[in-house]
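Work the whole structure out from these sequences, hints included.
Protein chains in written order, with the numbering used here: chain P, 1137 to 1695; chain U, 346 to 742; chain E, 22 to 346.
It is possible that some hints are incorrect.
[Claimed, not checked] Under the rule of at most 16 Å between Cα atoms (straight-line distance), these lysine to aspartate or glutamate pairs were calculated in the EDC-like manner: (1) P:Lys1216 x U:Glu478; (2) P:Lys1216 x P:Glu1246; (3) P:Lys1216 x U:Glu425; (4) P:Lys1441 x P:Glu1421; (5) P:Lys1239 x P:Glu1373; (6) U:Lys502 x U:Glu425; (7) P:Lys1590 x P:Asp1645; (8) P:Lys1216 x U:Glu481; (9) P:Lys1216 x U:Asp477; (10) P:Lys1579 x P:Asp1552; (11) U:Lys406 x U:Glu495; (12) P:Lys1472 x P:Asp1221.
Calculated from the structure, these hints are not laboratory results.
This is what each chain is made of:
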Amino acid sequence: MRKVGMRLSGAIGLFALALSFALPAPGAEVKAESLRGPRIGELYMVVVRDPDAAVLALERGKLDVLGDVTRPSDIRRISKNTGFDLSMAQGFHMAQVGFNLRKSPWNAPELRRAAAMAIPRDRLVRELFSGYSAPLTTYLPPLSPYCDKAASAPRFDPEGARALLGKAGWTWDSSGVLVPPKGKSPLPPATILSPTAGVAPTTAELADRIAGSLREIGIPVKAEPLDFAAMIQRIDEHKFDLYLMAWQLSRDPDSLYAFYHSSMDVKGGYNQTGLKDAKVDRLLEDLRYVPDEPAARVAAKAAQKALADRIPIIPIYTRFSVAAVSKGWKGTVSTKSMTADNSWSLLSMSPASGPMKPLYWALGDEPRTLNPFTASTATDWQVLGMVYDTLLTVNPNDLGDLPWLARSWKVETVKDPGGRHTRLTFALRRDVFWQDGSPFTAKDARATLLFLKKNAIPRYFDSVRDIASVSVPDAHTLVVTMKNVSYWHLHSIGGTPIFPAALLGRVKDWRSWQPARNSVPGKAGLTELYGTGPFVFREVRPGDYVRFSRNERFWLIPR
Amino acid sequence: MRRFRWSAWALLLLLFSGFVLPLFLVGDPREPVASPFARPAWVGRNQPPALAFSVPPGEGKAFAWSWDAPRGLSVSGEVEFAGVPGAARLTWETPSGEILVLADLSGQETATLDLDARDMAFRASLGLSPFDESLEGLFDGRGTIRVRIESDVPVEKSSLSVRIPGDRWGLFGTDQRGRDVFRLFLAGIRVSLLVGVLAVLVSTVIGLSAGLLGGYVGGVVDALLMRAVDVLLSIPLLPILMVLAALWGKGLWQLVLILGLFSWMGTARTVRSMTLSFREAPYVEALRAIGAPTFYILARHGVPTVLPLLLANIALGVPGVILSEAALAYLGLSDPRVISWGRMLHEAQSFGAFTTGAWWLLLPPGLGIALLCFVFMDLGRALEEWADPRLKGGGGA
Amino acid sequence: MRGYWARRLGGAACVVAIVLVANFFLFRLMPGDPVSTVLDPRFSPQAKAELEALYGLDRPLAVQFLIYLERTATFDFGLSFATQRPVLDEILSRLPNTLALLVPAYLLSVLLGTALGVLAARRRGRAAEKAVLSAGAISFSFPSFFVQMVLLLVFAYVFPVFPLRGSLSIPPPQGTWPLLADRVWHLALPIGSLVLLGFGGWALTVRNLVVKVMGEDFMVLARAKGIGERRLFWGHAFRAVLPPLVTLFLLSLPGVVSGAVLTETVFSLHGVGRFLLDSVLGQDYPAAGGAFYLLTLITVASNLLADFLVQFTDPRIRTGERTST
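Set out below in structure tokens:
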């Protein structure tokens, strides 16, 4: 599941985490103007892949911040140590059981509803995760502002499940297996696919337990752990009954389109269940191309209700994340949606006492590549997020939008002979400089968007594909006109990291570009891996650490 | 009078423990029996054992407590009142006399409880931080603890039971899931023996056939077989095992096959050289002269000639296979549903045995592997000596 | 003689060819491909198609094979799926770490093992010999990673003498000597454990060889001639032991490689062995294929080298029909 989580977090969820700069302390609303930082002079992101070594390094003072502590035994050990602060947050993680709606008996809605009622989420969460997860019943992450708690999967009620099936005409044979209405023979044995215990141990066990729960009401299911790639292949080929998979989503509900729209039931698409419902399609299209925020809320609610009625998947649980920070540092920021290991903390942290010292931050894996065009793992973006900024950022309290490189913005729908278009107008900050000293202007944003679009870089493809034109009326205004109408373009464009135009002009082959290895002529210590971000990349030692130093020109540092 | 070697005794003991003993033990080794990472029973004196008792109506249940705070607690069951209580609660009196409320039972004629210390809600209700799994608030010393149902309406029936999973268990403690390590260890004997012996048998059959055939028939057949041996010997063993395990799936039988396929070369060479000399023996020539078919000669005479050394080869080959399987399992490339010692070591490292200091998860499987290898090496040597008495004596080399 | 070498090299080339082809199909047969495992709901099918083109996965198999052959000849193993960097670069960047681990460990265990084996052979029947025999038996039986895990537990967790992981402290110390010392301190446990596990086998082998050689006829003759024990041993016995020892030294090189995989995993070292494991687990088949191919080349090369060098150390062995051992 770790691997799945890492890969999944590519474009979506990790933009939110790595690039979001959360301001407020827990609970309190703090305005952006009141934050000053970063104060840390030197930052080391240390590669520690082994959780044991990470915990012990933390205890011995070799690490100051350790995020994503997953093992309950580690949490227990750290919590006993009074030298550390632990923070916990719900995330955007969602583990679900998917049905193959193309196949009988899974296309029978009452069977799916009964199956959803047969799963004891509370007990599973308690026994498998020692409580560090929460049962999930919604189709969007509970943290998302668009999540409709009313549109949820049915509660655990095995007797109710049996009653429901009985009323619909199902019977049970002598060995307790369900027999479809008007059918002669009981259901054939089915399997639920899951990643293997090597990759995702608790997921594999969870699949086992879920299969057991389903057998209790007469659905003959057994767990079938598979190599992840093999599992994906089976799902792509539609040769499955059920599967258990975890996703890392984001605050925006338009991902529902990818999961449940019938046009996404193609190879490479995410409609793995094969849901083909005209009403759902229409609602999802409405949601995807909604023009503004209030309409988005209405559309999201309608879409979720339709999904809750149909139960194409059964939500199971959502994982909490836990992070530990040494008490030797103060100024960390944590909210209910973000543990202390976030970029806001990095902006405001300073030693609790004594002089400034370097901060040692744990990376759970080695960054695979430091090329922002090809980097896809969560770890890569934890590193790159220090260097690059986006136009907007995410408010960690209510997950709304906060100004970042853009001071303010406007979303309008404009009409022209070609149809209706969403037009985004961003007013950019005037006090931002690139780490090489040159000023940041709207031309850089324009160059970035056009570069990504022209080169059809897979990672950014869907964000920039619908751009019709980008114009720069003056040095600090950016106007992006899209080919169609959708409120979500604001987040796609607003969440894209901005690269310097001067550098983009020099990149000959974005695939093989290695910015970390090329130094910038005339600027000592600066490599081509530079942006407008709070930290300047200095050095990477593969397998050991990545080193940054403070960007003295960062626009939140008081002059 | 031949002394029965210690390794033969050891092998019998292992066979018994692995195959016979589990038949008499109830339950599935995969089921949790105690707290995760519980110590072996003979180690921790201050850790509490497993306890379970019911809470009757009225005076409730009082029990003595003389250990450290446990790491788990669950209370479940039903309470039936004679009417609808206005105020009813489940209380817990700690050894130091403090009274805590575990649950509020008011307002329902039949109250169902399912409390567990792992639930965040439970910790919150006791005022604990979500990370604090310690129940030191409930078990704040040594003394007597009383659990009671208090209500303003009499209690008719109570099926409430309190369960404390022990922090000490069995011979080898428990793993990160709370499973009995000793049971897992026994299960591992079977897997190691099966994989070891079967893989070596596979490789022996292949090696025997290849060696006999090549050595006896000679010519193109021999050249081809020896070429195959060269190719296979040029492939580094662990990497190819890793690649094939990842590629072919990690089932037990695939593993046996793969291990067998890459271990036959040595046997083939030995058998081949023995066959070369066997071929020139007078009685074999005689057999050929009278027209005996090749297969007959090889099966009826060739095999018995090489058999003694072959048995030694089998025994000496088992440790290599067991170590390869253990290495693959440790790297995470074995079937996760199969409990093997290598797998236990892998899970020990992945699930925090180091930080927990759970040495009882590391030592038994590792020492078990070593013991098994020792046993087979000694047996192999014994067989070698029996097959070729010249090797006997002189330091047992 | 030339004929023999032609055959030997031809044989080796044959082996490499077979491995090359098998390597290609082995990895292509793996289910799924890196594109399908990128699960990100923002990645539309079109975006995935772009990614496939990027990896070259949309060409027919035959074309892919030809490209593969052509590239492997130049050691161009393609780009790693995970990092998008050339596989060769990835391997070369890790090679120094692996060599820094394996070369000292191997040399030390051979030297230590040989010394102890000789000791045991010369003091037959006494305690030293028994100790060496037991050490040999033990080193064959204990799983290497288990011993390493126990050492790590004791000397890095329980008694924090050695570091927990990695090859350098963070931040690394300045200056050549402190840096060197830091590296040595980090490699102490890994190398130490490898030597501990390796010397026993060597000692046993050396001891057996020496014992065998000491009993040979030419030794009896030498003794009858009245040559002193010391000169007997170093002058005659050792010279006879050397060729099989060198052969064995070279032939066990490939086995050392396997040791690297496990050691680097236990101690979290940034080496080629770990790279192979990560690539295999991550279905990064250009990387796994490249690493595997190189390891096989090393094996073939060391076998060839062993055959070659034996000529010089042992004049008795001349090129003839290759007999089976």
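(request) Given the hint that Lys1579 of chain P pairs with Asp1552 of chain P, test it: the Cα-Cα distance must not exceed 16 Å. (result) violated (25 Å)
(message) So if I understand the rule, the pair passes when the alpha-carbon distance is 16 Å or less; does Lys1216 of chain P with Glu1246 of chain P pass?
(response) violated (48 Å)
(message) Given the hinted pair Lys406 of chain U and Glu495 of chain U, is their Cα-Cα distance within 16 Å?
(response) Satisfied, since the Cα-Cα distance of roughly 12 Å is no more than 16 Å.
(message) Check the hint pairing Lys1472 of chain P with Asp1221 of chain P against an upper bound of 16 Å on the C-alpha distance.
(response) holds (15 Å)
(request) Sort out whether Glu425 of chain U lies within 16 Å of Lys1216 of chain P, counting only the CA atoms. (result) Roughly 39 Å separates the two Cα atoms, so the pair is violated.
(message) For Lys1590 of chain P and Asp1645 of chain P, compute the direct alpha-carbon distance and say whether it is at most 16 Å.
(response) holds (13 Å)
(message) Hinted pair, alpha-carbon criterion (16 Å max): Lys1216 of chain P, Glu478 of chain U. Please report holds or violated.
(response) Measuring from Cα to Cα gives roughly 9 Å; hence the hint holds.
(message) For a C-alpha distance cap of 16 Å, please report whether Lys1441 of chain P and Glu1421 of chain P respect it.
(response) holds (15 Å)
(message) Would the hint linking Lys1239 of chain P and Glu1373 of chain P be met if the CA-CA limit is 16 Å?
(response) holds (13 Å)
(request) Would you mind confirming whether the straight-line C-alpha gap from Lys1216 of chain P to Asp477 of chain U stays at or under 16 Å? (result) Measuring from Cα to Cα gives roughly 8 Å; hence the hint holds.
(request) Quickly compare the C-alpha distance for Lys502 of chain U and Glu425 of chain U to 16 Å and report which way the hint goes. (result) holds (5 Å)
(request) Could you grab the alpha-carbon distance between Lys1216 of chain P and Glu481 of chain U and see if it respects the 16 Å cut-off? (result) holds (12 Å)
Figure legend: structure checked against the earlier numbered hints; hints not met, in rising order: 2, 3, 10.
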